[in-house]
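Note that the protein sequences, when read in sequence, are chains A, B, C and D. Mapping the first sequence onto UniProt numbering, position 13 (from 1) lands on 13, and the numbers just tick up by one. Mapping the second sequence onto UniProt numbering, position 31 (from 1) lands on 31, and the numbers just tick up by one. Mapping the third sequence onto UniProt numbering, position 120 (from 1) lands on 120, and the numbers just tick up by one. Mapping the fourth sequence onto UniProt numbering, position 97 (from 1) lands on 97, and the numbers just tick up by one.
Don't take each hint at face value.
As the list claims (entries may be wrong) - Some chain B residues flagged as far from chain A (calculated, every beta-carbon gap over 10 Å): (1) E28; (2) G38; (3) P59; (4) Q75; (5) S86; (6) G96; (7) P125; (8) D158; (9) A162; (10) T166; (11) G171.
What the hints assert, rightly or not - In silico lysine to any residue, SDA-like type, Cα no more than 25 Å apart, as pairs: (12) D:K88 with C:E192; (13) A:K45 with C:E192; (14) B:K88 with B:G50; (15) B:K45 with D:E74; (16) C:K45 with A:G52; (17) C:K45 with A:R20; (18) B:K45 with D:A51; (19) B:K88 with A:R20; (20) B:K45 with D:G38.
Source of the hints: derived by calculation from the structure; they are not laboratory data. Ideal Cβ placement from N, Cα and C applies to all residues, glycine included.
4 protein chains.
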Amino acid sequence: MTESTASKRRAPRADARRNRDHILDTAEQYFSEHGVTGSLDAIAKRAGIGAGTLYRHFPNREALLASLLSARDEQLVARRDELRTSAKNAAEALDGWLNAVTDWACAFDGLPEPLRAATTTNLSPLAVTCQGFITTTDEFLRAAQDQGEARADIRALDLFLAALATSWVRGAAMADAASGAALAALTRSGWEQAPDHSNTRRTA
Amino acid sequence: MTESTASKRRAPRADARRNRDHILDTAEQYFSEHGVTGSLDAIAKRAGIGAGTLYRHFPNREALLASLLSARDEQLVARRDELRTSAKNAAEALDGWLNAVTDWACAFDGLPEPLRAATTTNLSPLAVTCQGFITTTDEFLRAAQDQGEARADIRALDLFLAALATSWVRGAAMADAASGAALAALTRSGWEQAPDHSNTRRTA
Amino acid sequence: MTESTASKRRAPRADARRNRDHILDTAEQYFSEHGVTGSLDAIAKRAGIGAGTLYRHFPNREALLASLLSARDEQLVARRDELRTSAKNAAEALDGWLNAVTDWACAFDGLPEPLRAATTTNLSPLAVTCQGFITTTDEFLRAAQDQGEARADIRALDLFLAALATSWVRGAAMADAASGAALAALTRSGWEQAPDHSNTRRTA
Amino acid sequence: MTESTASKRRAPRADARRNRDHILDTAEQYFSEHGVTGSLDAIAKRAGIGAGTLYRHFPNREALLASLLSARDEQLVARRDELRTSAKNAAEALDGWLNAVTDWACAFDGLPEPLRAATTTNLSPLAVTCQGFITTTDEFLRAAQDQGEARADIRALDLFLAALATSWVRGAAMADAASGAALAALTRSGWEQAPDHSNTRRTA
DNA sequence: GATGAATGAGTGTTCATTCAT
DNA sequence: AATGAATGAACACTCATTCAT
């Protein structure tokens, strides 16, 4: 299917492809330096192309972000497959996945914000990206729930948002890394001490 | 304490005081409508004063925000006192307090962002405000820990940040309210199911 | 004449012809919606062709407009013939013709502007179109003048411009239709009251 | 009244006034060269001020135009008074006035367009300016009608629009001046030859 | 013949902050 | 103390036209 449509627009034109890739590289670097709210014009300038060219490839900031992030999909997908096979149990797999998502959402300063927005608007190009990850989260979550390793009243969307929130807490490069980790831990175990009459062992 | 420094500049001039209050009222309204990133110029205009006057009272956006929020301190302090006496146990008190903080940080759209920043920069006028609430959080947390109702490895700062994160997830008025509540719940209990040795009852 | 030059490049290629027609249809619709200053790129996009193809067929906006309008020539020519036979006198014929021209120039929002320009520059592809209509106007005018039904000091060009001006006054769809009609009436009879020798008393 | 409000905002600040005047001078020159659609940024740059300063004084193009034109009001008003006293009859006065309006609307290339728009939208700052002139037109028109020198079925608005249309026909500096005059003449007397054998019958 | 990528100056507008009045 | 004018870079985004493919 994808092939047939691709055959229609035969040549993606070598220079266009090159430009596109160059824009992505430049944006990656620029966003790393200035956060996701950095100037698109500045990216175009740094890439040595006209602003129009950037907008042709990526009609708006979110489209650019989406492309940037989907380039990292492979890594996340790889991580997912790895967790599926190597995790010692469903809870570890879910935990590992959520950590991976958190890292992913920390790619650029300010990234969690549009991602969160994308979970509710559905209009953003980021929405599809997010949706895919929520689905994966759901798979891990269900597995853990089936194994009795995760509470039954948890929704995948909420875990995804919790991961984003953790990225958000980590915030800028300067922020307290420990607090980010702490929120991740809270998300897993909560602050509440189980009122264990006998001996509830719980691993921090 | 604050009074003694104020005594230095004897009469704060009635009109200045009036202006200040009027700015605060206007800003309150404006931020409610447009979020915390709204235009300060617009606030000055709506308040019917010059931009310079606004900047005289509040040298920057965060100073304005800090004043705005500290006006709500009383409510939070009242809530704190209420929780201290009425909560049936330390865990409920802590939970109630965190919910109060979460609500407080939802006062304006986009408010969690500068608050989070204030927890790390220390330079922001908001830092003092935050610090006070972190201290209160610490009191509740310690009480709960002393009662064995909260895990010992939790830090007040992290709980405070978790509350902010919850506000952040709630986000704009449009956002999914359930997800906000879900993160609060996660923060309390985590998604992990305690490995029950007897018989795990689980409702699908 | 035009045919002989066309015979040079024998087959206009079926697809080229089809493209050309499709562009015209699309442009007709687009200009109706957005006025004559609408984006040519958008027209190409809507027509499903590349921008270059559009420019191959019509090197600039005015060339496109000219083709668009000459497609309506038939209607105007038909109207001309109709007026020649059916009008009860030369003045009515001229009046009918000017109204037809006015309607024609109202085809798209903003059309009168390039038409007026075309009457003076001669470089525009629209110039030919306009010239033809001015000639026809001249025929009707002369007939009326011969019949003593039109003043002798009137020029066809000026009547044509007056018709364009009337279209211009009608302006966008929103404009005051009555004023358009009023200008047409003024053009015919003027605001001046003929000095009546008897005694025309007229109360304002 | 105007004085009391003026006293409130005591100092229009000498530099502000100077800037404002300088902007107006620059805009006058720039619009003369490039027409009313010229770049506002370019005007700011040429005036040696920041774009923001221009926008502070004139929030949009039409506000700037309105100020520019109202500076010419005095001339028109003077002309009005002159016509009132010196015109040999009401018809000449009206004719002189319409010519004055036409000249006024020719001040810049492209000016008739926003003026016409202003007669229908009412939202434009130009609307007030236009309204004033329409009122004056009405005075001259009524006088002429009272004298039996103008047809009773004419509206002031339509005469005003006819004057604008005449300016529009004159168009750019390059345009055919004769055609402009011709439309003005048409507006006054029409193209129709009164079929007067003896007594002038004229159909409305 | 057709394509559509590239151009890049240009658009109007905003805004936090400073400083002359 | 209050004012509000000035700043001017920055913003996202557009579009007619060219030209390599």
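*Keeping to a limit of 25 Å between CA atoms, is the pair of B:K88 and A:R20 held or broken?*
The hint is violated at about 61 Å.
*With a cut-off of 25 Å on the C-alpha distance, tell me whether B:K45 and D:E74 pass.*
With a Cα-Cα distance of about 33 Å, the restraint between B:K45 and D:E74 is violated, given a limit of 25 Å.
*Does the structure keep D:K88 and C:E192 at a Cα separation of 25 Å or less?*
Holds. D:K88 to C:E192 sits at ~15 Å (cutoff 25 Å).
*Is the nearest Cβ of chain A still more than 10 Å from the Cβ of B:E28?*
holds, 24 Å
*Mind verifying the non-interface call on B:D158? Its CB should be farther than 10 Å from each CB in chain A.*
With a cut-off of 10 Å, B:D158 comes too close to chain A, as the shortest Cβ separation is near 4 Å.
_Status of B:S86, Cβ more than 10 Å from any chain A Cβ_ = holds, 19 Å
*asked:* Run the distance test for C:K45 versus A:R20: straight-line Cα separation, threshold 25 Å.
replied: Holds, at about 21 Å.
*asked:* Would the non-interface assignment of B:A162 survive a Cβ cutoff of 10 Å against chain A?
replied: violated, 5 Å
_Assertion that B:T166 lies outside the chain A interface [Cβ separation over 10 Å]_ = violated, 7 Å
_Check the hint pairing A:K45 with C:E192 against an upper bound of 25 Å on the C-alpha distance._
It is violated: about 63 Å lies between the C-alpha atoms, which goes past 25 Å.
*Hey, B:K88 versus B:G50, does the alpha-carbon distance stay inside 25 Å?*
Violated, at roughly 51 Å.
*Is the Cβ of B:G171 more than 10 Å away from each Cβ in chain A?*
violated, 6 Å
When the structure is compared with the earlier hints, violations turn up for hints 8, 9, 10, 11, 13, 14, 15, 19 and 20 and for no others.
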